Structure formats: C-alpha cells, structure tokens
Amino acid sequence: MSEPIHYQIDETAFDPEQLPADARTVGSASFRSHVKAFFERQYGGMPGETTVSFENGKINVTWMPREADENPAAVIMRLLETGRYSEAAPLLETAIQANPRDHQSLYNLGMVYSDMGRLPEAMGLLRRATEVEPENANAWVALGIAALRSKDNDAARAALEHAISIDGDNAFALRSLGTLCLMDKDKDIDRALQFLRRAVALLRTDPVSRLTLAQALIEQNPEQNAAEAEALFRAVLAMSPNAEVAKKAEAGLTVIAQAKFRGEADGDIRQDATQYCLDALDRFEGMDRDTLLPIVMEMATLGEGGLPVNDPSKKFELRLLPGEYTALHIVCMLHVGLKCIDPDLDSGFDISREYAAALALHTPRN
Amino acid sequence: MSQHNFLPETENLLKRLTEQSGYPVSLVDEPSLKIPATGSIGTTDRPIHIIRFHPDARSLDYLIAVQTSYALRLFSIPPERRFQLSARTDSREQIVAEVGRLNPRFDAGMARTLGEQLFDGLMLQARSCPTGIVVDLCLYRDCPGLRAQQRDSLTAQCQQNVNCLSGKYDHDFPKLIVNGNRAMNAAHAFFAADLLQLPHLAVPYRAVGLEKTALALLEAVTSKPLDSIDDRELITAWGAQLGIEDWFAWLPCG
Numbered sequence: 001m002s003e004p005i006h007y008q009i010d011e012t013a014f015d016p017e018q019l020p021a022d023a024r025t026v027g028s029a030s031f032r033s034h035v036k037a038f039f040e041r042q043y044g045g046m047p048g049e050t051t052v053s054f055e056n057g058k059i060n061v062t063w064m065p066r067e068a069d070e071n072p073a074a075v076i077m078r079l080l081e082t083g084r085y086s087e088a089a090p091l092l093e094t095a096i097q098a099n100p101r102d103h104q105s106l107y108n109l110g111m112v113y114s115d116m117g118r119l120p121e122a123m124g125l126l127r128r129a130t131e132v133e134p135e136n137a138n139a140w141v142a143l144g145i146a147a148l149r150s151k152d153n154d155a156a157r158a159a160l161e162h163a164i165s166i167d168g169d170n171a172f173a174l175r176s177l178g179t180l181c182l183m184d185k186d187k188d189i190d191r192a193l194q195f196l197r198r199a200v201a202l203l204r205t206d207p208v209s210r211l212t213l214a215q216a217l218i219e220q221n222p223e224q225n226a227a228e229a230e231a232l233f234r235a236v237l238a239m240s241p242n243a244e245v246a247k248k249a250e251a252g253l254t255v256i257a258q259a260k261f262r263g264e265a266d267g268d269i270r271q272d273a274t275q276y277c278l279d280a281l282d283r284f285e286g287m288d289r290d291t292l293l294p295i296v297m298e299m300a301t302l303g304e305g306g307l308p309v310n311d312p313s314k315k316f317e318l319r320l321l322p323g324e325y326t327a328l329h330i331v332c333m334l335h336v337g338l339k340c341i342d343p344d345l346d347s348g349f350d351i352s353r354e355y356a357a358a359l360a361l362h363t364p365r366n
Numbered sequence: 001m002s003q004h005n006f007l008p009e010t011e012n013l014l015k016r017l018t019e020q021s022g023y024p025v026s027l028v029d030e031p032s033l034k035i036p037a038t039g040s041i042g043t044t045d046r047p048i049h050i051i052r053f054h055p056d057a058r059s060l061d062y063l064i065a066v067q068t069s070y071a072l073r074l075f076s077i078p079p080e081r082r083f084q085l086s087a088r089t090d091s092r093e094q095i096v097a098e099v100g101r102l103n104p105r106f107d108a109g110m111a112r113t114l115g116e117q118l119f120d121g122l123m124l125q126a127r128s129c130p131t132g133i134v135v136d137l138c139l140y141r142d143c144p145g146l147r148a149q150q151r152d153s154l155t156a157q158c159q160q161n162v163n164c165l166s167g168k169y170d171h172d173f174p175k176l177i178v179n180g181n182r183a184m185n186a187a188h189a190f191f192a193a194d195l196l197q198l199p200h201l202a203v204p205y206r207a208v209g210l211e212k213t214a215l216a217l218l219e220a221v222t223s224k225p226l227d228s229i230d231d232r233e234l235i236t237a238w239g240a241q242l243g244i245e246d247w248f249a250w251l252p253c254g
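From first to last, the protein sequence lines stand for chains A and B. The first sequence stops at residue 366 when you use our numbering, and every number in between is there. The second sequence stops at residue 254 when you use our numbering, and every number in between is there.
In case anyone wonders, no lab produced these hints; they're calculated from the structure. Every value quoted in this text rests on a predicted model; they were computed, and no experiment measured them. Some hints here could point you the wrong way.
[To be verified] List of simulated lysine-lysine pairs, PhoX-like, C-alpha gap at most 25 Å:
no. : chain 1 : residue 1 : chain 2 : residue 2
1   : A       : Lys247    : A       : Lys151
2   : A       : Lys185    : A       : Lys151
3   : B       : Lys34     : A       : Lys247
4   : A       : Lys187    : A       : Lys151
5   : A       : Lys248    : A       : Lys339
6   : B       : Lys224    : B       : Lys175
7   : B       : Lys212    : B       : Lys168
8   : A       : Lys36     : B       : Lys175
9   : A       : Lys247    : A       : Lys260
10  : A       : Lys260    : A       : Lys339
11  : A       : Lys36     : B       : Lys34
12  : A       : Lys315    : A       : Lys339
13  : A       : Lys58     : B       : Lys34
14  : A       : Lys314    : A       : Lys260
15  : A       : Lys247    : A       : Lys339
16  : A       : Lys248    : B       : Lys168
17  : B       : Lys168    : A       : Lys36
18  : B       : Lys224    : A       : Lys58
19  : B       : Lys34     : B       : Lys212
20  : A       : Lys260    : A       : Lys185
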C-alpha cells in the first residue's frame with residue numbers, strides 16, 4: 001500500500017460505540033481527542049502518518065504512507081500524472097498551507113483547479129505562482145490557459161504574450177496564442193497560423209496543435225489547404241486514436257471528404273451512393289432496432305478511423321454483415337441504418353439527397 | 001471494434017463466454033463512456049455481447065474479465081432459471097415523490113430527474129454489488145494473473161466510494177437511498193479489505209458504525225459454497241436487509 005488516503009465524515013456520523021462513554025458529546029475536546037486516537041489506532045499498523053483535523057462539523061482524515069512522508073512531491077506527481085486530481089488537491093492544499101510561497105504546489109494546484117473547472121481559484125493560485133517566480137514562463141502559460149477557459153481573452157493574451165517574452169520557444173504559449181487568435185471576435189487567422197505552425201514544429205507528438213492548425217487551415221481556405229489539413233487530421237488520428245481530439249479530426253476529415261465527394265459528383269446526385277442506399281434499405285427492411293443496432297455500431301466503429309469514401313479499391317469486411325464493402329458502401333449503409341433506427345439521427349455524412357432518391361426508388365416488400 | 005492484446009486469462013474468459021452462450025463478444029472502446037466499462041449481455045433478439053470500455057481505463061483486463069464473468073454467470077444456469085432484475089414503477093414513483101418533498105426548491109421535472117437517477121443508481125448497485133463480490137471471489141480464485149489489476153481496481157473503487165460518507169447530501173436524498181448506498185459500499189470495502197488483506201480499506205466504515213451491517217450483507221455470500229450461489233437469491237437477500245426488497249420485479253430473460 002503506497003497511495004495516500006483522504007476522506008471526510010460528519011462528526012455526528014461517527015459511531016459513539018467506538019468511544020468511551022464520557023467522550024460521546026459531539027464536538028467536545030474529549031470527543032475529538034478520542035476520535036483522533038481511534039484513527040491513529042486503526043492506521044497504526046501501516047507505515048505512515050495519520051492526520052485528523054476537525055472543521056465545520058466535519059472530520060478530515062488523511063493517511064500518508066511513509067514513502068509519501070519522505071517525498072510528498074513524488075507522490076503528488078504520481079497522482080497528477082495518473083489524473084487523480086481529487087486525491088492530489090488536498091495534498092497540494094496542505095503543502096501550500098505549510099509554505100504559501102511553494103511555487104510548485106501553487107502551480108500544480110492552479111493547473112488542477114483549472115482542469116476541474118474551478119477557474120477563479122485556479123487564476124488566483126496561478127497569479128500567486130507568477131508573483132513567486134515571475135520568470136517562470138510555464139506559470140504564465142497556465143495562467144493564460146485558465147483565463148482562456150474563463151473566456152477572459154484580454155487577461156489570457158497578456159499572460160501568454162508575457163510567457164513568450166520570457167521564452168520565445170514556449171510551445172504551449174504559442175499553441176494557446178494561436179487558439180486565442182481564432183477565438184477573438186476579430187479573428188486573425190494568418191497570425192493564428194504563424195503561432196500554430198511554430199507550435200507544431202516544436203511539439204512533435206502533440207495532436208492538439210495539429211488539430212487546431214488543421215481547423216484554422218480549413219477555415220482560411222478549405223479548397224486550397226485541403227491536402228495540408230488532411231495530413232494534419234490523419235496525424236492526429238495516428239497519435240491519439242481514442243481521445244476527444246480524434247472525434248474532431250474525424251469531423252474535419254468528413255468535411256474534406258464531403259467537399260471532394262461533391263466535387264466528384266459535380267453537384268449532382270451520385271448514382272453509386274444512391275444504389276448503395278437502396279441496397280441498404282432492402283437489407284434492413286423488417287429488422288427491429290435490437291438487431292440493427294449492433295450492425296450500425298460495428299459500421300460506426302469502423303468509421304471512427306475515417307473511411308476513404310473516394311477510394312473504391314479499398315475494401316472492408318463486417319462481421320455482422322458478411323461480405324466485402326467499399327468505404328462509400330459502408331457510409332451509405334450506416335446512414336440508412338441510423339435513419340431506420342431513428343429518422344432524426346444523422347451519419348454526419350452529406351448523402352441526404354442520395355438517401356432521399358433511394359427512398360423514392362425503394363419498393364417496400366409488403 | 002477494439003484490437004487489444006489481452007492477458008491469457010481474459011482471452012480465456014471471452015472464449016468461454018462465446019462457447020457457452022453461442023454469441024460472439026464485441027469489445028468496443030468508447031472515449032465518451034463516463035464509467036470505466038459496461039456490458040450488455042446478448043439475447044436471442046440481439047445475438048451479440050457488447051462490452052464497452054473507456055480506452056484510458058486502468059486495469060482493462062480485469063474490467064473486461066468482470067463484465068465477461070457477469071454474462072458467464074447468467075449462461076451457466078439453465079434458461080428457465082434465468083431472470084433479470086427490473087424495478088417496480090410504484091417504488092420509483094415513491095422515491096421521486098420523496099425527493100420532491102425533501103427539495104421544495106425543485107420543480108416537478110427536476111425532482112423527477114433526480115429521483116429517477118437516484119432510484120436507478122441504487123437498483124444498479126443492488127444488482128451489481130453482491131454479484132460483483134461473487135465475481136471477484138471467482139476471479140481471485142481462478143485467474144491469478146489478474147490479481148494485480150484486481151487489487152488496483154478494488155482499492156481505487158474503495159477510495160472513490162468513501163465519498164459517500166461526506167454527508168453532503170444526507171438532507172436532500174431519501175434515507176433509503178443514502179443508507180442503502182452506504183451499506184453496500186461498506187460491504188464492498190470490508191470484502192475488499194479481507195480479500196486483499198488491506199484492513200485500512202474498511203476503517204472509514206467502521207468509524208461510522210457500519211461494520212455490523214456490512215458483515216451481515218457479506219454473510220449471504222460467505223455462508224454458502226461459492227459455486228452454489230444463486231444471483232437472484234443473493235440479490236433478494238441483500239434487498240431484504242436494505243429494506244428495498246419490494247422495489248424488485250424479476251422477469252424471465254429474453
């Protein structure tokens with residue numbers, strides 16, 4: 001056992017049976033002293049330190065393993081690295097109570113609160129971190145990001161530009177400034193591209209800077225920048241296939257593919273897509289929701305990696321619908337399947353005209 | 001569909017489930033999932049088991065083994081003895097009404113949403129906690145390769161569950177919900193403390209006087225040979241001790 005333990009219980013909820021008869025008045029000095037002794041006894045067999053404090057009718061219990069006692073920063077880092085923010089936060093608060101100018105703890109707790117959405121507290125802590133170490137660019141970046149999340153663009157810009165004045169190659173400051181340029185009321189896409197290109201060059205394995213750059217390129221000129229944006233979206237998918245950014249990259253690829261798809265159809269209805277929709281209407285006719293749902297899920301999961309709808313040479317297999325299918329065929333079946341489940345659902349792929357044409361051509365079996 | 005390399009124990013459980021049920025198992029990694037993993041057992045109408053998991057979930061083999069084991073338990077008994085737990089509408093309505101009474105500032109819609117969430121949450125816990133303990137005992141006995149992940153996962157669950165003692169919602173939520181949730185968390189903590197030989201996991205619950213309640217619930221598991229435990233009987237016994245037995249309606253599995 002090497003993880004710290006922290007929890008809180010009501011003083012009134014403590015079991016009086018665990019205490020001597022004369023120490024059962026909740027909140028009394030004797031009650032508190034025996035409660036403290038109870039927890040010290042319970043954790044006594046474990047190498048570490050038990051802290052019991054009383055505040056606003058609550059009992060706060062913390063047990064720190066000996067390893068943590070000797071090197072609390074290492075334990076906190078391990079908790080932060082594994083995303084266990086709610087466990088790290090009370091330990092960081094304790095560290096700040098002990099030393100209000102502990103820069104590392106101010107910085108880390110500020111970041112934790114920023115990620116948890118407790119933005120005013122985050123900004124307060126990060127401001128204190130920048131006061132303690134004004135030359136630390138990362139603290140200014142974290143303050144800028146918290147301000148950005150608070151939608152305080154002016155404060156964000158000031159903090160991020162200050163970070164860059166300290167360290168011109170601070171990739172996270174560049175990335176955040178690029179994002180800020182895109183969020184501003186008067187968007188400055190050219191400036192955003194400058195910052196984001198530098199961030200991408202510095203952060204060789206960062207999907208977020210690539211995603212933002214790709215989105216900015218599409219916004220600037222979707223036709224002219226399609227190839228560069230597509231390469232960036234694909235890089236995002238390769239780097240983080242399961243993260244939230246992957247969904248956004250897929251959406252970006254869909255926008256590019258739709259533009260190409262319509263380009264190939266030259267504005268008219270695509271006959272191949274209409275035929276595939278018609279085939280799907282025949283296949284799915286009479287299937288109930290529970291039968292159809294796993295099939296649709298399998299196709300949707302296949303589509304998570306981006307389907308090359310303009311490449312008829314690449315074939316895919318489906319376990320629940322034996323056979324080989326092109327990506328366009330799968331997209332059409334997915335679209336039809338979703339419509340069969342609920343007409344309001346949408347595949348996100350612009351084949352509504354082909355679907356409407358297939359519906360008009362389809363003759364129900366009954 | 002997912003392409004993970006699982007431990008031999010996990011692969012073996014997945015293979016056994018496919019063989020025993022006759023339905024394939026589909027593993028889907030779902031970044032939008034709010035919990036580490038969840039399973040949906042195949043039926044004749046939908047002949048596929050689907051296990052969804054968050055791609056960043058820790059102890060993934062163990063989580064998948066648990067979901068697979070729930071399904072295996074169902075298919076290990078004859079079809080005529082397979083039942084699924086359902087909730088009685090009148091019990092749900094009582095909880096909704098009580099949430100409304102306890103929170104007069106809520107409008108009817110909010111009280112309904114919260115009441116239904118609380119009711120369904122406790123029903124889910126009543127369905128999964130006692131059988132989960134049996135599943136954990138079986139995994140510990142049969143799959144030693146998963147023990148390290150099991151230890152991490154159970155310890156993390158206990159640490160997370162202990163928040164139920166903070167008293168934050170004691171006045172806003174119905175007593176049956178608060179007490180039922182705490183009692184099951186306590187049973188789970190005492191079970192994990194014993195299985196993993198980590199007695200500190202049970203300390204918070206001992207402090208609030210839940211040891212007897214927890215041990216009484218665990219009695220329903222420990223008083224019988226592991227392989228003879230019937231999930232329906234077990235859940236009913238826990239329901240009776242928690243005072244929510246009349247919430248349950250048992251329906252034949254489709």
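Report task. Provide an ascending list of the numbers of those earlier hints which the structure does not satisfy. Result -> When the structure is compared with the hints, numbers 6, 8, 11, 13, 16, 18, 19, 20 turn out to be violated.
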